[in-house]
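Student: Those protein sequence lines, which keep their order, are chains A and B. Under this note's numbering, the first residue of the first sequence carries the number 1, and numbering increases by one thereafter. Under this note's numbering, the first residue of the second sequence carries the number 1001, and numbering increases by one thereafter.
No lab work stands behind these hints, which were simulated from the structure alone. Among these hints, one or two may not hold up.
[Unchecked claim] Using C-beta positions, here's what the derived DEER-type ranges look like: (1) A/Q25 with B/A1146: 56 to 64 Å; (2) B/S1056 with A/S365: 43 to 51 Å; (3) A/P261 with B/Q1281: 29 to 37 Å; (4) A/K286 with B/P1201: 28 to 36 Å; (5) B/K1301 with A/D246: 51 to 59 Å; (6) B/K1301 with A/D29: 42 to 50 Å; (7) B/Q1281 with A/K143: 31 to 39 Å; (8) A/N90 with B/E1177: 29 to 37 Å; (9) B/S1142 with A/Q323: 52 to 60 Å; (10) A/N176 with B/A1146: 50 to 58 Å.
Being a predicted model, the structure only gives us computed values, none of them experimental. Quick reminder that beta carbons are idealized off the backbone N, C-alpha and C, glycines included.
One letter stands for each residue in the lines below.
Number of protein chains: 2
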Amino acid sequence: MTNITRPTLVIDKEICLRNIERMAQKASDNNLHFRPHFKTHQSVVVGEWFRNFGVSAITVSSVQMAEYFAADEWDDITIAFPLNVLEMNNINRLAANINLNLTLENKETAEILAKHISAPAGVYIKVDTGYNRTGIITSKTSKLDAILEVIATNKKLNFKGFLTHNGLTYSALSTNEIFSRHFDALLKLKSLKQRYASDFPNVEISIGDTPSCSICNNFSEVDEIRPGNFVFYDLMQQSLGVCTFDDIAVRMVCPIVAKHPSRNEVVIYGGAIHLSKDSMQNTDGKEFYGRIAINKKGEKKILNERNYVARLSQEHGIIKVSQKNFDFFKIGELVEIIPIHSCLTANLARRYLTTQGEEIKMINS
Amino acid sequence: MTNITRPTLVIDKEICLRNIERMAQKASDNNLHFRPHFKTHQSVVVGEWFRNFGVSAITVSSVQMAEYFAADEWDDITIAFPLNVLEMNNINRLAANINLNLTLENKETAEILAKHISAPAGVYIKVDTGYNRTGIITSKTSKLDAILEVIATNKKLNFKGFLTHNGLTYSALSTNEIFSRHFDALLKLKSLKQRYASDFPNVEISIGDTPSCSICNNFSEVDEIRPGNFVFYDLMQQSLGVCTFDDIAVRMVCPIVAKHPSRNEVVIYGGAIHLSKDSMQNTDGKEFYGRIAINKKGEKKILNERNYVARLSQEHGIIKVSQKNFDFFKIGELVEIIPIHSCLTANLARRYLTTQGEEIKMINS
Chain A
1 MTNITRPTLV
11 IDKEICLRNI
21 ERMAQKASDN
31 NLHFRPHFKT
41 HQSVVVGEWF
51 RNFGVSAITV
61 SSVQMAEYFA
71 ADEWDDITIA
81 FPLNVLEMNN
91 INRLAANINL
101 NLTLENKETA
111 EILAKHISAP
121 AGVYIKVDTG
131 YNRTGIITSK
141 TSKLDAILEV
151 IATNKKLNFK
161 GFLTHNGLTY
171 SALSTNEIFS
181 RHFDALLKLK
191 SLKQRYASDF
201 PNVEISIGDT
211 PSCSICNNFS
221 EVDEIRPGNF
231 VFYDLMQQSL
241 GVCTFDDIAV
251 RMVCPIVAKH
261 PSRNEVVIYG
271 GAIHLSKDSM
281 QNTDGKEFYG
291 RIAINKKGEK
301 KILNERNYVA
311 RLSQEHGIIK
321 VSQKNFDFFK
331 IGELVEIIPI
341 HSCLTANLAR
351 RYLTTQGEEI
361 KMINS
Chain B
1001 MTNITRPTLV
1011 IDKEICLRNI
1021 ERMAQKASDN
1031 NLHFRPHFKT
1041 HQSVVVGEWF
1051 RNFGVSAITV
1061 SSVQMAEYFA
1071 ADEWDDITIA
1081 FPLNVLEMNN
1091 INRLAANINL
1101 NLTLENKETA
1111 EILAKHISAP
1121 AGVYIKVDTG
1131 YNRTGIITSK
1141 TSKLDAILEV
1151 IATNKKLNFK
1161 GFLTHNGLTY
1171 SALSTNEIFS
1181 RHFDALLKLK
1191 SLKQRYASDF
1201 PNVEISIGDT
1211 PSCSICNNFS
1221 EVDEIRPGNF
1231 VFYDLMQQSL
1241 GVCTFDDIAV
1251 RMVCPIVAKH
1261 PSRNEVVIYG
1271 GAIHLSKDSM
1281 QNTDGKEFYG
1291 RIAINKKGEK
1301 KILNERNYVA
1311 RLSQEHGIIK
1321 VSQKNFDFFK
1331 IGELVEIIPI
1341 HSCLTANLAR
1351 RYLTTQGEEI
1361 KMINS
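Start from the sequences and build out the full structure, keeping to the hints where you can.
Tutor: Below is the structure:
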């Protein structure tokens, strides 16, 4: 850490391993296939850490990411994003080389896929349990049937089941609300499974949100979980009650470049192109972009909510700190920011440094 | 454009050239040194376009960017960011090779610089005319004097003048407010110049915000302008009244992957890692992340404010469109999104495609 001179995303490998082990154990305890989402870390090095916990199948959110991990000998990949028909050539190359699963949610795309697929591929149908981002509402079975009919026209396509992302759990106001939103999704998925079980005895249900995979214990009818964020966690998950501060494995470490005593503000080299503009609402109602961790007398400490990243421009970050802490921050030293949303921060970082000093590359390093 | 299969930032070179020419002309008409900020485009190829308009001196916002452009024979660079003393080694290497200007705003940093600088460098003092991001409030002359005293202790350091960024113009509610905020800054800078003119007859005033550089016509006492965003402009500038839609040179072109007629929503491959989470408030009070440009019957058209990017997750974008336009969007086709903040979108894109089909690399391509 002492060699850091520019904003650097530092990850604690021990915490990552613990997070992976806990989720792998949970999957195993609940008889769930564990297919972690690699969109959060986007790194073949971090990917290796998962293999040690028996992970051999993964999820990604783009064809590009599938290509990146396939090149590192991951040969069982689900692209959990609505099929982009403009990438059929790349998809066919992937399907020829690995066990590739695709995601469909409309008949038009299914028809193009059935016409152009040139190697065997698994197919999940994306369903919507109420989040309303995308996917077919679970009760609209005629739409599901229409896609299934198209899939059946091409022997290369193997229908595997229904995939969903219950994004509603990210906006829950309490852990109880996460439980109830998860349970509501389970009920919908259960009817779905019952309806299709006779025609497709192996039909799978795959779910993906980190909040419910982290804290819920009822996964009836679920066959597979695809959480991603849990490997790092972040402030958003901590504030939901899904993880503790001790589970957050990432910090953006930034140089301090200026101080403004009249307004208790500290200026860091670390802005929107390092942390991302994802924000949360602080206790005082104001948007903020990260919290602050310090080492005080050899002890790690997270400063309370009166100390936070208040504003971001391209490379500047403005930290608001309480009067009591102001003198602790010194120009030319480093400060650790806990990011709001680790997926976006990691994507901007393009590389990691571990707390042990190892440099780790990512997809676009 | 027909070969695009993934989210791609397309730039219109003709519009960029027009934007550069207009700003270069304005600088010349007002007897201002034109030192454009290259943090927006971050590309040596786009940098070349500036040379044709007589630009030989540039601004950047990090040592890393200075290194990138210095490697492309830019030999007069101002780093308009508070000096990060942790990068002294890199700064010394740069100063040995090019005309480098640094930015100071506190005595601690000045002392470290004076102690460690090993080659001649220009120094600007960053002043704050009311934006309160960073810099010394213009009336705090004792703080300015303290820095000047330190600079004077090392002959390698050459005090050049005062540099400011009047970020207040970006939150103006009308062009009149931009004029008045600019004028307010000019008054403060004028007193500053008067106070220091006898001791430093060549003291310069350097300002940087795109809004006032674009639309104001009074630059009394200003010696240099450093706008950056104007090369591309964006929705934020258009909504401020600083540019027209026709001046915006960038579009994020994204594949359409799904449609939801029941809520008039179109799902694109294009999310927070492509557009950034920078948002604006729509006429209905809701946050949004971009507007939509279409080609209808051979004519370019920007859809009205009832059509917009409503939500973003990592790779998904959800576009809300009016009923009337819904059928225009077809799965498997492309849609053009006008970004809210082109600097952040360009930084995420990592490369450009011109409307003529030329691929353009950036700093981290």
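Student: Hint by hint, note whether the structure agrees.
Tutor: How the hints compare with the structure:
Distance hint for A/Q25 and B/A1146: a CB-CB separation of about 59 Å, consistent with the stated range 56 to 64 Å. The hint said 43 to 51 Å for the Cβ distance between B/S1056 and A/S365, and at roughly 33 Å that hint is violated. At about 33 Å, the beta-carbon gap between A/P261 and B/Q1281 stays in the expected band of 29 to 37 Å. Against the hinted window of 28 to 36 Å, the Cβ-Cβ separation of A/K286 and B/P1201 comes to about 45 Å, which falls outside the hint.
For the pair B/K1301 and A/D246, the supplied restraint of 51 to 59 Å holds, since their beta-carbon distance comes to about 53 Å. Checking the proposed 42 to 50 Å range against B/K1301 and A/D29 shows it is violated: the Cβ atoms sit about 56 Å from each other. Judged by the Cβ atoms, the range 31 to 39 Å given for B/Q1281 and A/K143 holds: they are separated by roughly 35 Å. A/N90 and B/E1177 have their C-beta atoms about 49 Å apart, which leaves the hinted 29 to 37 Å range violated.
Between B/S1142 and A/Q323 the C-beta distance comes to about 23 Å, which lies outside the given range of 52 to 60 Å. At about 57 Å, the CB distance of A/N176 to B/A1146 agrees with the hint of 50 to 58 Å.
Hint compliance for this structure: hints 2, 4, 6, 8 and 9 are not met, and every other hint is.
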